[in-house]
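Visitor: Listed below, chain by chain, are the residues.
There are 4 protein chains.
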Amino acid sequence: MIKASIVGGTGYMGFELLRLLVRHPQAQIVEVTSRSNAGTKVSSLHPALNGFLDMDFIPELTDPGSNDVVFVAAPHGASMDVVPSLLDAGCRVIDLSGDYRLGNAETYEKWYGKKHSDAGNLSKAVYGLTELNRAKIAEAQLVANPGCYPTGALLALIPVARAKAIGGDVVVDSKSGSSGAGASPGDFTHHPSCAPNVTPYNVGKHRHTPEIEMALKSIGGNFGETTFTPHLVPLVRGIQTSCYVKLVKGTNIDDLKKHYRAFANENHFVKFVDGIPRITSVLGSNYCHVSIAMASESMMAAFSVIDNLCKGGSGQAVQNMNVMFGLDEKAGLDIPGLGV
Amino acid sequence: MIKASIVGGTGYMGFELLRLLVRHPQAQIVEVTSRSNAGTKVSSLHPALNGFLDMDFIPELTDPGSNDVVFVAAPHGASMDVVPSLLDAGCRVIDLSGDYRLGNAETYEKWYGKKHSDAGNLSKAVYGLTELNRAKIAEAQLVANPGCYPTGALLALIPVARAKAIGGDVVVDSKSGSSGAGASPGDFTHHPSCAPNVTPYNVGKHRHTPEIEMALKSIGGNFGETTFTPHLVPLVRGIQTSCYVKLVKGTNIDDLKKHYRAFANENHFVKFVDGIPRITSVLGSNYCHVSIAMASESMMAAFSVIDNLCKGGSGQAVQNMNVMFGLDEKAGLDIPGLGV
Amino acid sequence: MIKASIVGGTGYMGFELLRLLVRHPQAQIVEVTSRSNAGTKVSSLHPALNGFLDMDFIPELTDPGSNDVVFVAAPHGASMDVVPSLLDAGCRVIDLSGDYRLGNAETYEKWYGKKHSDAGNLSKAVYGLTELNRAKIAEAQLVANPGCYPTGALLALIPVARAKAIGGDVVVDSKSGSSGAGASPGDFTHHPSCAPNVTPYNVGKHRHTPEIEMALKSIGGNFGETTFTPHLVPLVRGIQTSCYVKLVKGTNIDDLKKHYRAFANENHFVKFVDGIPRITSVLGSNYCHVSIAMASESMMAAFSVIDNLCKGGSGQAVQNMNVMFGLDEKAGLDIPGLGV
Amino acid sequence: MIKASIVGGTGYMGFELLRLLVRHPQAQIVEVTSRSNAGTKVSSLHPALNGFLDMDFIPELTDPGSNDVVFVAAPHGASMDVVPSLLDAGCRVIDLSGDYRLGNAETYEKWYGKKHSDAGNLSKAVYGLTELNRAKIAEAQLVANPGCYPTGALLALIPVARAKAIGGDVVVDSKSGSSGAGASPGDFTHHPSCAPNVTPYNVGKHRHTPEIEMALKSIGGNFGETTFTPHLVPLVRGIQTSCYVKLVKGTNIDDLKKHYRAFANENHFVKFVDGIPRITSVLGSNYCHVSIAMASESMMAAFSVIDNLCKGGSGQAVQNMNVMFGLDEKAGLDIPGLGV
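Residue numbers (the working numbering), protein chains in the order written: chain A, 12 to 351; chain B, 12 to 351; chain C, 12 to 351; chain D, 12 to 351.
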């Protein structure tokens, strides 16, 4: 049994890790920290775990080095204060924040608006989109789990990028449920404001933009600018992403479909579907459904759906854990989407 | 491995059975019928099953007798045409319709507005609320799986009924998500009509009323009238039930809580919680969360939440299968609620 | 033109007053106060008013006595600090808080958990349900505008109470949209928590309970206990109320319908409808739609729908202003519900 | 008083016309037709009109020529069967279908998949986006009221097009509430399917695409391809549109804002707002709120919100009627958005 602990079990990502790990056949939850809820029963904050986990939140891990893996579900900026000591203690770390995703301290500072306090470990971190970096993840001590939006966008774009068929700009228009904004209430997710609106936000400056660009560029090819715009929609779980890709002239969509199908065949959690992918199909699951179609003469649309908390966060993290420890990649993740 | 087939795999109840059975460790899906979709891939109608079930719908079971159990997820009125031949073939049958729940043909005719065509088998049928009839279910050849509303209402009311503390009328006000109305579109569940409304329906004549009364009376005690009113609310999955119970004078709510706690301790899928139960805690799961409080001087409120498709239907059916075949009652149902 | 000012224009009730008053043909908005937003353009906080109101919030009314009427949309407990000086200045006051509704200081203290600081004016206040107290409202200097829940409950219950047909207990189960909880974000109305749940709250202790009781008792008749339980449902605007009334034995529902029809005929904003009333029919409007049906042998259900911010608050307040100043009761309120 | 009749009063567009016209100070509803509901009270099908309109649906207009204006709210393909005889009778006609929008019969046939049966009148029809064609509308006998999506897209794009600042492709990603799909239930708007999903549809072939292109081209300028993709989101009313516009190199966004501000100043129902426009601000109203921002180095995002039934349909039609008959353009449309 893999010994796993969670730093930051209060929020939705922390909860989702617990939801998946309580029924993982080869992992065991050792400790769960929460500063604000230390001393409280985990299942009293997260009543869905009633009957599954009989454990209290503690303020800090008792003995980090006794864990095989530590999941860090702390806010951006807080992770980099915690991760160094975990690495020093010899744990393997899966960090769900944005702190180790961007590869270099300058980019981090530009997009996150603060200095990186652990720049030395940035080069150690492997960007944890399994479908992009499976082999490196297997060896990594530190995995930077991807953002929810980049996960949806990249799984829709990798095959067309690999096919070298992107011939110009890429526009990514994403629609996310409110759970992506976290468990703390605020004006943005106040029900009377959120339920009847569709709200673009952080236009031109969302931190997931460089993540998408970085990953696409790592694939190579010669393309234009990537424009990413997130929207809050009145869903709780789920991200639907519509990517508009200017194709290289003469590209045939049926040829592209072969690339998408091949990508799905290599990656269990990616399904290439006929018709339009539905969020309900992946709700509560680690799957990503993708489809493509011509949206105009020259532009392809690639559509994807994920559960932002699962494949877009904690499910992806568990998938990475499975890869890191040589388990079946599907272990603990063999749950179909809610469907209805 | 239990060999299980499903008659009627098109609707939401049929889908939910499949969602649960594809990952049941001791059951295997043999065949799934659908008249309207025969010849289609099951996962093309239910894309959440993509990667879990590679099978086509067939029009009728090939050899009913080769199954250990057949789940009948046909509409009310259609089940009683199918069940007799399944029983004759020697299968054990779990019927999810209302056809075998009411115990006698007169009551059936009164509430369902048609003659019962298989009255002879009514006495064979065991009412399949596991928490009420576990021992009988274990022996039954034919289980009449309960309605969604009665499941929510009864799990909230059984302890106070057993405590002989009901001293007058019982008012049951239930709020259900739209999936309870089934997969066929209609005015009632048209999004523009359903999303901004709360709609009581079938007032004074909902078919689940006699089910609730019958089960409560089977417990005994001397009480007044049961008034049940269902409401459609803008949720997809989930039923929240508020039961208002006139208590026997002098009843102490803390004593009642002991009865509720004991009932929960005897029944894994019932959790008695502090505070107000939340639908999200049980979403996609087979759990029922219950709490009680004084709603006025003389009336107790008992609140419950269930997932109408799972504990309110197919999850309950799988739980019954587990009991019928001597498996761990939790087998295949070890999934926490979605939580968020 | 009636000169009207608003104390407390930040919240939803304040906004709704503005939405109605900007197009009222015989009233003019003089000033709008807000401590937190003083100096800000009203339409920048409330962008729906863009093009309708070109005015800044000010911290306090400049010259209260120059107004014909002042609407106080301050929180419970804050109104009673403001109202006395407005009355002294000679204004007529419509208070939207609960501070002057309960008639005596003891009841206030019991339900609101604090001493009343202006008990001397309680006897001056007229309970502002126009349909109950039209004549008194016309003369009042201080109107205590009703709570949203009591408005929905009472308009459904007054005819059966007047008919002396209540023969026992009354159970009121109300379902409200999230705007009823106000504009300040919190856990209760956090979208991920609110959107997929139905949540009873303040069970047995909601402050609207004594308001309902007080008004019913003022009608007279001999009945049992009133149990009121509010539920938060995933709507923004709207309250649906289901009242379960134990009828006097032998009461004929068709006779009762005559009482309901007569009540609607006397009151423009009450419509007695066939079938089930729909929230959409009254959305954004000052109407209340009501229907009744037998919910069991002995219990009648009375259903009502209102827009909680309009007829359940600011629309009712404008209706009261119309009555107080001898205007057409419908002035400025001649808007049909949104319908879809 | 303008005498106005409505052909097709059953659907949402028909209802919305009625909702606006019942309180229009200078128009009077003469007749409302509905084949399916002839003989029924209008307010029994549309209970929001209870107290506002006491009239039955009739199967056909009694004497078309006695009307000043006839609104045709018939489905695409049915309008062109009705309009010729109305024109012959001498009425002015505002057609809400797509039948007369595209200017020539070939384009119609390409996008609507059928021959145009009244091609002769196509040249008479004026495209009824008031903000684009006010003068021509004033003179027109036949106005082709715009589609809901083109209204939202064009009001966001006209100023940048007029500024000749579009330097390449335009991507239009629209999100619409379910009322846009009409009053007839179907799989697409079945609540359990619609409420938890975001669904792109008619990708690459939506009939509003040529409308957007035609109007943009009429403004002139040299630009690339327009890609339009509609999405169904879980709202009832409202369309949010995000337009991504490749700018001419060197374009300054502050200069563009001047064009947007000027356009809003010339058009009462267009408001250019700081920050992100909110659907709630325009809900139930005829307003369109617009804002712009740089979405990346080279691409501007223009965001707009409208109520699809009002400014996106019937409100626009009433605005056109006002222009056609020389009334105040705002007559009957002086309602702020619902706001909350």
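Among these hints, one or two may not hold up.
The list treats identical chains as interchangeable, and a pair is accepted whether it falls inside one copy or across any two copies.
[As the list claims (entries may be wrong)] With a straight-line cut-off of 35 Å between C-alpha atoms, the simulated DSBU-like cross-links for lysine-lysine are:
1) K282 with K135
2) K126 with K282
3) K269 with K282
4) K260 with K228
5) K260 with K135
6) K228 with K216
7) K125 with K147
8) K228 with K52
9) K282 with K52
Just so you know, the hints here were simulated from the structure itself, not pulled from any lab data. As the structure is a prediction and not an experimental result, all values here were calculated from the model.
Visitor: Each hint needs a verdict: does it hold in this structure or not?
Guide: Consistency of the hints with the structure:
1. K282 with K135: within (31 Å within a copy, 45 Å between copies)
2. K126 with K282: neither (39 Å within a copy, 40 Å between copies)
3. K269 with K282: So K269 and K282 pass the 35 Å test inside one copy only (13 Å; across, 47 Å).
4. K260 with K228: Both, since 20 Å and 24 Å are each at most 35 Å.
5. K260 with K135: Result: close neither inside a copy nor across copies, 39 Å intra and 40 Å inter.
6. K228 with K216: Both, since 19 Å and 31 Å are each at most 35 Å.
7. K125 with K147: within (28 Å within a copy, 56 Å between copies)
8. K228 with K52: neither (45 Å within a copy, 38 Å between copies)
9. K282 with K52: Answer is between: at 15 Å across copies they meet the 35 Å cutoff, but 38 Å inside does not.
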